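Enquirer: Listed below are the residues making up each chain.
There are 2 protein chains.
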Amino acid sequence: MTTTTDVRVDGDMSRPSNKGKLLTDGLRLVHQRGFGASSVRDIAQAAGVPQGSFTNHFASKEAFGLEILERYREMTSAAVRATLRNDRLPPLRRLRAWIDGQLEYLRKEDMRRGCLYGNLSAEASEASDAIRFRVASVFAENQASVAYCLEAAIEAGELAPKTDVQELAGFIVSSLQGAILVAKSQRSPIPVERFTRVLFQHLLPQRDPASKRRGRRVAR
Amino acid sequence: MTTTTDVRVDGDMSRPSNKGKLLTDGLRLVHQRGFGASSVRDIAQAAGVPQGSFTNHFASKEAFGLEILERYREMTSAAVRATLRNDRLPPLRRLRAWIDGQLEYLRKEDMRRGCLYGNLSAEASEASDAIRFRVASVFAENQASVAYCLEAAIEAGELAPKTDVQELAGFIVSSLQGAILVAKSQRSPIPVERFTRVLFQHLLPQRDPASKRRGRRVAR
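As given, the protein sequences belong to chains Y and X, one line each in that order. Here my numbering is used: position 39 in the first sequence is 39, and no number is missing along the way. Here my numbering is used: position 110 in the second sequence is 330, and no number is missing along the way.
Isolated chain Y (complex conformation) (with noise of 0.2 Å):
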């Protein structure tokens, strides 16, 4: 009897809810086998709780979609926070940083999981409106810190003013999603690290003295 309510008082200070659990787990098995293909069952599995803690806890599939989309985008905002839109850093250095954060992130599981955004976008686009409007956003809102990085960085003399910031913040966005999903097929890191390298060397040239004088492109 001690023992339970011991182990009782133990779980509801230091052990996640199971809420929490279904988030945390139901968000990785979600991100590396795609939501149609998790049913409700295998997320409350993942989990360890029962099936009816998914069902007590979210209205929906779809509600539970819309919530582990809100704790990825946590951790995404947080990477933002700390390159894109972090004023301490070099404006180009800081883009570059936002893009190898996310090579690191996705080597750890050798290029499996993909961006979720990008996986939620390609097959639960017609699932949900809620979900497909959301990733959206995201979308959105990433071009807007990459805009934001460009301008710094025309501000900073490291890109030409006439730049069009908008048009090239969101090919930027939409690139290196791409270039992670064909990494994800490849399961190999070569399709970012391609981006990366045409992105820098023919999009973004640093302007060094020489090609601030004459403008000129760096051919390779």
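Where hints are given, some of them may not hold.
[As the list claims (entries may be wrong)] List of simulated lysine to aspartate or glutamate pairs, DMTMM-like, C-alpha gap at most 25 Å:
1) K328/X - E126/Y
2) K108/Y - E413/X
3) K328/X - D129/Y
4) K162/Y - E413/X
I should point out that these hints are in silico values taken from the structure, not numbers from a laboratory. Computed from a predicted model, the values in this text were never measured in an experiment.
Position chain X relative to chain Y; hints supplied.
Expert: What follows is chain X alone, placed relative to chain Y:
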């Protein structure tokens, strides 16, 4: 009796077989809804055939996935032959036609479908190594076809001879995938249109006599 026979003969001659229906309607369903979210029952229902017919024709859902991938590839390969590998057209115009053709196809369904390769890469990479390998090999094929077209562009004097053709081709294939993916979440052609503009204005600047002489970058 006679009627039954007539119907049967008619069926054999002009109507698709159950397998054909499963592939045609199943491809449409999976493209729209996703592979994980389309059950064998859903696919049989979409095709209007008994569920047993699916198991008669396909050893597994994975086997079905591989067959719809081949169906889709017939279509995309025909597009590649008509554009990227069509030596009768000027090279960079072929590249543009290849991208425009995909945009036109996607517009028909309001950008909802996305590219089946990208969709399967996002969601089926973990479920099936066979599907993942096939998708990765199509990306590699497409990269080879884009590289073929870029080589032709160099020979035709449309691109600088120093261009790293494989690097750029891989970048184009993955960036287009990303543009289609973001377009899917936004139900808008804008990401693909933007991809095309940035590509042709900044990565593949058409060499006019002035730029040829001075090797200058077109800044816009």
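Enquirer: If a hint holds in the structure, say so; if it does not, say that too.
Expert: Results for each hint:
For the hint pairing K328/X with E126/Y, the CA-to-CA distance comes to about 15 Å; that is within 25 Å, so the pair holds. Taken as a hint, the K108/Y and E413/X pair is broken in the structure, with Cα atoms around 34 Å apart against an allowance of 25 Å. A C-alpha spacing of about 19 Å is found between K328/X and D129/Y, which places the hinted pair at or below 25 Å, so the restraint holds. Of the pairs offered as hints, the one joining K162/Y and E413/X holds, with about 20 Å between alpha carbons and a cut-off of 25 Å not exceeded.
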